[in-house]
Amino acid sequence: MAIFVNEHTKVIVQGLTGGQGKYHGLRNKAYGTQVVGGVTPGKGGTDVEGIPVFNTVAEAVAATGADASFIAVPPKAASAAILEAAAAGIRFIVCITEGIPAQDEAKTYNVLKRDYPNTRLLGPNCPGIISPGLCNIGITAGEIALPPQPGKPAVGIVSRSGTLTYQALYELKQQGIGVSTCVGIGGDPVPGTAFIDVLAEFQNDPETKAIIMIGEIGGTGEEEAAEFIKAHVTKPMSAYIAGVTAPAGKKMGHAGAIVSGGKGTAQGKMDALAAAGVKVGLNPTEAGELMAEIVKSL
Amino acid sequence: MDLFEYQGRAEFARFGLPVPSGGIADDVDTAITVAEAAGYPVVIKAQVQVGGRGKAGGVKLAENADEVRFHAGNILGMDIKGHVVKRLFIGNAADIAEEYYASYTLDRSAKKHLLMLSAEGGVEIEQVAVENPDALIKLYIDPVDGISLETARQACVDAKLNPIAVDQAAEILVKLYTCFTEGDCDLAEINPLVLTPTGNVLCLDAKVALDENAMYRHDWAEYEATVLRDSRETLAHSKGLQYIGLDGTVGIIANGAGLAMSTLDVVNQVGGSAANFLDIGGGANADVMAGALEVINTDPAVKSIFINIFGGITRGEEVAKGIVEAMGRVQLKAPIVIRLDGTNAEEGRTILANAGISADKLISKPTMLEAAHAAVALAK
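Chains as they are written, first to last, in the numbering used here: chain A, 18 to 315; chain B, 139 to 518.
Chain A with its partners taken away, still in its complex shape (with noise of 0.2 Å):
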């Protein structure tokens, strides 16, 4: 079983007008996930390659029915997308959006976890979410990604970058191996999932048998999920924290990836997952082949 979404998760796109989420949300679409609308405040009536686009996220749920959404808006208006989502019901929310400063970021999460706990928030400035050949949320190409393999074990992919997402599925699927559903939580500060949230869906679904997590510099979600896998997950995984090299006090690209104060280092990252029991590699391809070895042994 897939995690968080899957062959009966109905999709609208807020700003499916724009280019991100019209060329996206087409493509999510021509992959087979069912996308059912497009929310662009004054443009409702109007239609995108026959998919109808509404004037708010609550005329949009009222119609289709939709239980998820993805958000391809830009930075200022992410916030009230976020929010505008969770208060129409939607149960989960990706957002895309990358930018988003970091003062309204730890607001929405607060709001989010106060007034809607039944939401969940995957992001901002995340890659999406797949259940291969099931149902695809976000940027990952599609074709990249390898659905479970019948009477093989599947792999759960949880990753905090984009580019190195791809190269798990990518190589997985160079080795046969499929996967149950790979999840991108995204670069920035404040992420609406973080790894524990979704190691405990993995540990929770049948179907997952091992997992793969990538984690980076910066923040401390990477020491958390090392206790959470201590106390509660049994199911063996393998791991890649990059930035081992990055120099302190500079955001490597994402937001988040900043060592500061002589916290969030790669080698205190990858010394606690060690200590959970993670096989950790040196690199990504290194990560990916502890895995193969792993799903053998199985």
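In case anyone wonders, no lab produced these hints; they're calculated from the structure. All values reported here derive from a predicted model rather than from experimental measurement. Mixed in with the good hints, there may be bad ones.
[Stated by the list, open to error] When the alpha-carbon atoms are kept at most 27 Å apart in a straight line, the in silico DSSO-like pairs for lysine-lysine are as follows:
#1 A:K93 / B:K250
#2 B:K518 / B:K471
#3 A:K313 / A:K267
#4 A:K247 / A:K267
#5 A:K280 / A:K267
#6 A:K169 / A:K252
#7 A:K93 / B:K249
#8 A:K280 / A:K247
#9 B:K499 / B:K518
#10 A:K130 / B:K249
#11 A:K267 / B:K249
#12 A:K130 / B:K250
#13 A:K280 / B:K499
#14 A:K247 / B:K249
#15 A:K169 / A:K313
#16 B:K345 / A:K280
#17 B:K313 / B:K250
#18 A:K190 / B:K503
#19 B:K276 / A:K267
#20 B:K298 / B:K250
#21 A:K124 / B:K250
#22 B:K471 / A:K124
#23 A:K39 / B:K471
#24 A:K93 / B:K313
#25 B:K224 / A:K267
#26 B:K249 / B:K224
#27 B:K249 / B:K345
#28 A:K267 / B:K377
#29 B:K250 / A:K247
#30 A:K280 / B:K249
#31 B:K193 / A:K267
#32 B:K276 / B:K298
#33 A:K267 / B:K219
#34 A:K124 / B:K276
#35 B:K193 / B:K441
#36 A:K226 / A:K296
#37 A:K280 / B:K518
#38 A:K93 / B:K377
#39 A:K267 / B:K250
Starting from the known structure of chain A, arrange chain B on it as the hints suggest.
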């Protein structure tokens, strides 16, 4: 974006925080003019974005114009941990009875704002945290609620600030919070926050880091203009590239921040060192690639260039065409090692092989590790 102290003071003043009068000077004569206006005694402070400037001799008191001339002359041009002093802040030197510490940051683990407050200021707060953790109050603030005057007051009491200072300090904490949130700071720190013998509470220093993502809603052009960048970083910035200069010999171009970081790591793992971090984003069209190569080409330390591309939605053949076109536009000094993988990588590699570029200028390797080995070997 880290601000200089004088810029941090400007932000503080904008939000009504009490900062002593003063100004900046880039030469000795201006320093004297500013000192006369601020009123003696004055404190002369090197404007550098590095800690420990006091110990290095970058902060001096002056009682008159001669002393200002002497100290300002010494401090300007001084090298403090690799930072050359080009600008001074000169302010009225407040008498100090007690020194405190106050700061706001975002705590990424709690996903809330964090107020740190201590009655032991004027020293490195990390040191206080280690040596005397009880002297440091940590208060988590829900960004939805913010901090009330009452909560701020209680924090001052809990941190054992002098009762005389509590009311003013509480007001300062509320204003500093507004500065932190509305001013879009990653960090807003006062160290020291001082109590004067006459019972006034003042911000004697200002350490502010701003969130670049909020640039669109502020007028930060003046701060942006003084961001420290080397010549490579300045060129990259002008081209809108995500570039960080490093001191190795292998130039790096990758698509995606994670992959770029990973490329640095792999180069290091096989015994080399990266000259830079450069993320050209998800795609890799000819314009962006040409700009990236141009920046790397200006770096005299670069002996080889490692292009690490994973094609997702951007297909391998499009990436390859972009690279060939870019190589036609930029006369490169160093050879390129490319690892092209992902969607349609095979087609991309064929295009590169048939582009008529000599085999010692462009070397294609199938994996990241092999490419790293080749690039590092060329750089030695």
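Violating hint indices (sorted, rising): Per hint list: 3, 4, 13, 22, 23, 26, 35 and 37 violated.
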